[in-house]
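*Asks:* Sequence:
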Amino acid sequence: MVDCPDCGGAGFLPSRNVLVEWRARDIERALSQGRTADSDDVRWLLAELRAARRALTEIIALAHDAHDPDQIALKIRFTANGALGMYDVAPANATERESRPSSPA
Numbered sequence: 217m218v219d220c221p222d223c224g225g226a227g228f229l230p231s232r233n234v235l236v237e238w239r240a241r242d243i244e245r246a247l248s249q250g251r252t253a254d255s256d257d258v259r260w261l262l263a264e265l266r267a268a269r270r271a272l273t274e275i276i277a278l279a280h281d282a283h284d285p286d287q288i289a290l291k292i293r294f295t296a297n298g299a300l301g302m303y304d305v306a307p308a309n310a311t312e313r314e315s316r317p318s319s320p321a
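If you read the sequence shown in the numbering used here, its first letter stands for residue 217, the second for the next number, and so on.
If you're looking for bench data, these hints aren't it; they were derived computationally from the structure. C-beta atoms are modelled at their ideal positions from N, C-alpha and C, and glycine is treated no differently.
Taking CB as the label site, the calculated pair distances span:
{"#": "1", "residue 1": "286", "residue 2": "248", "range": "42 to 48 Å"}
{"#": "2", "residue 1": "304", "residue 2": "220", "range": "47 to 53 Å"}
{"#": "3", "residue 1": "288", "residue 2": "249", "range": "39 to 45 Å"}
{"#": "4", "residue 1": "249", "residue 2": "222", "range": "19 to 25 Å"}
{"#": "5", "residue 1": "256", "residue 2": "288", "range": "37 to 43 Å"}
{"#": "6", "residue 1": "265", "residue 2": "234", "range": "15 to 21 Å"}
{"#": "7", "residue 1": "227", "residue 2": "309", "range": "55 to 61 Å"}
{"#": "8", "residue 1": "267", "residue 2": "244", "range": "17 to 23 Å"}
{"#": "9", "residue 1": "277", "residue 2": "232", "range": "20 to 26 Å"}
{"#": "10", "residue 1": "273", "residue 2": "239", "range": "21 to 27 Å"}
{"#": "11", "residue 1": "227", "residue 2": "286", "range": "39 to 45 Å"}
{"#": "12", "residue 1": "303", "residue 2": "234", "range": "30 to 36 Å"}
As a list, the in silico SDA-like pairs of lysine to any residue whose alpha-carbon atoms are at most 25 Å apart:
{"#": "13", "residue 1": "291", "residue 2": "272"}
{"#": "14", "residue 1": "291", "residue 2": "280"}
{"#": "15", "residue 1": "291", "residue 2": "277"}
Using the sequences and the hints given, assemble the complete structure.
*Replies:* Shown next, in the form of structure tokens:
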């Protein structure tokens, strides 16, 4: 007996997260075997990319508006920005050096 390719024999469909991972792996496997991605796969990947970027952009906006004394919102913003690359990130000490008066030599 062969397991159902959609549910793996579980009797119910896996979460969207699992289905996305399976399709991404299928595309990756096909490319590693020298096959080209078809236009449906490219359109699907672009739709997933856009959805992820939209979600991360909204997360940055929500975290920016949060009043968070523990700085969790700041960590969320930096993490989401790391994936999106919306803002250039400068080391904190570089900004401090620029604003600090130079010491006499």
